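**Student:** Sequence:
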Amino acid sequence: MARLVVRGAGDVGSAVAWHLRAAGHAVVLHDRTRPSHHRRGMAFTDAYFEGVCTLAGVLAKRATSTASLGRMLSCGHALPVTDADFDGILVALEPDGIVDARMRKHDVPESQRGRTRLAVGLGPGFLAGDNADIVIETAWGDALGAIIRDGRASDYSGEPRPLGGMSRERYARAPVDGIFETTSAIGGLVHEGEPVARVGERTILAPLAGILRGLTHDGAIVSRGGKIVEVDPRGDPSAAFGIGERPGRIAAGVVAAVEDALRHH
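Take 1 as the starting number for the sequence shown in the working numbering and just add one per residue.
If you're looking for bench data, these hints aren't it; they were derived computationally from the structure.
Owing to the predicted nature of the structure, the values given are computational and were not obtained by experimental measurement.
Errors might be hidden in some of the hints.
Taking lysine-lysine pairs in the DSS-like style, the calculated list, with each CA pair at most 30 Å apart, reads [to be verified]:
| id | residue 1 | residue 2 |
| --- | --- | --- |
| 1 | Lys-227 | Lys-61 |
| 2 | Lys-227 | Lys-105 |
| 3 | Lys-61 | Lys-105 |
Work the whole structure out from these sequences, hints included.
**Tutor:** Quick look at the structure:
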């Protein structure tokens with residue numbers, strides 16, 4: 001069993017943490033305070049706001065200190081999520097590996113190498129042997145979830161996979177930096193143009209009719225241009241919950257990479 005820290009509590013990072021835990025590893029999920037992730041029904045994000053949440057049968061609980069992280073890992077009852085100081089976590093827990101699942105797209109991630117025995121980087125910006133030991137492909141296609149030991153992941157295309165014939169049209173983005181406010185619910189039905197949230201003085205309207213597949217948590221800190229609402233025109237509420245196909249395939253690649261690397265380290 002390895003002790004691992006996953007960075008980023010969105011749908012991909014949450015799926016990675018879920019699968020690593022299911023494989024028998026001790027996992028901590030780390031993110032910033034009041035993180036903005038819109039696909040909350042597919043993630044452990046809500047635990048940062050409400051103290052607890054469940055994803056696909058796994059309970060997550062917020063840990064407020066590195067001491068409580070250690071106790072939760074020893075107990076094993078729940079997956080600990082935290083916004084505690086990241087460097088402090090590394091010192092206190094001495095993890096075997098870091099998985100950077102922050103998925104920052106166009107930004108070049110800082111190097112994770114050398115901080116633990118193994119550093120795995122997910123998606124664009126990571127180069128194996130440079131700022132990560134191993135890279136995992138995150139773009140849709142036959143190579144999704146592939147382990148890259150030499151080279152880099154595909155660049156960010158900026159074009160989401162269509163759902164119900166809609167791609168970029170599904171999303172509403174933050175018009176300004178600020179605090180996200182909403183009383184709407186994930187999986188709820190909305191009509192095109194219906195008010196679903198606010199950021200500061202700006203009202204956020206549903207971009208089309210369907211169900212809220214993505215809805216940032218009330219009180220989250222959002223940045224201008226970030227995705228905050230996603231509408232699925234297919235209208236199936238169940239599509240907003242559980243581990244999605246893409247995060248699941250990425251997570252499977254991470255588990256295989258981690259177990260192979262630590263076995264031969």
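**Student:** Please go over all the hints and tell whether each is borne out by the structure.
**Tutor:** Verification of the hints:
A distance of roughly 25 Å separates the Cα atoms of Lys-227 and Lys-61; the hinted pair therefore holds under the 30 Å criterion. Distance restraint check for Lys-227 and Lys-105: the Cα-Cα separation of roughly 13 Å lies within the 30 Å cut-off, and the hinted pair is therefore satisfied. A C-alpha spacing of about 28 Å is found between Lys-61 and Lys-105, which places the hinted pair at or below 30 Å, so the restraint holds.
Of the numbered hints given earlier, the model fails none.
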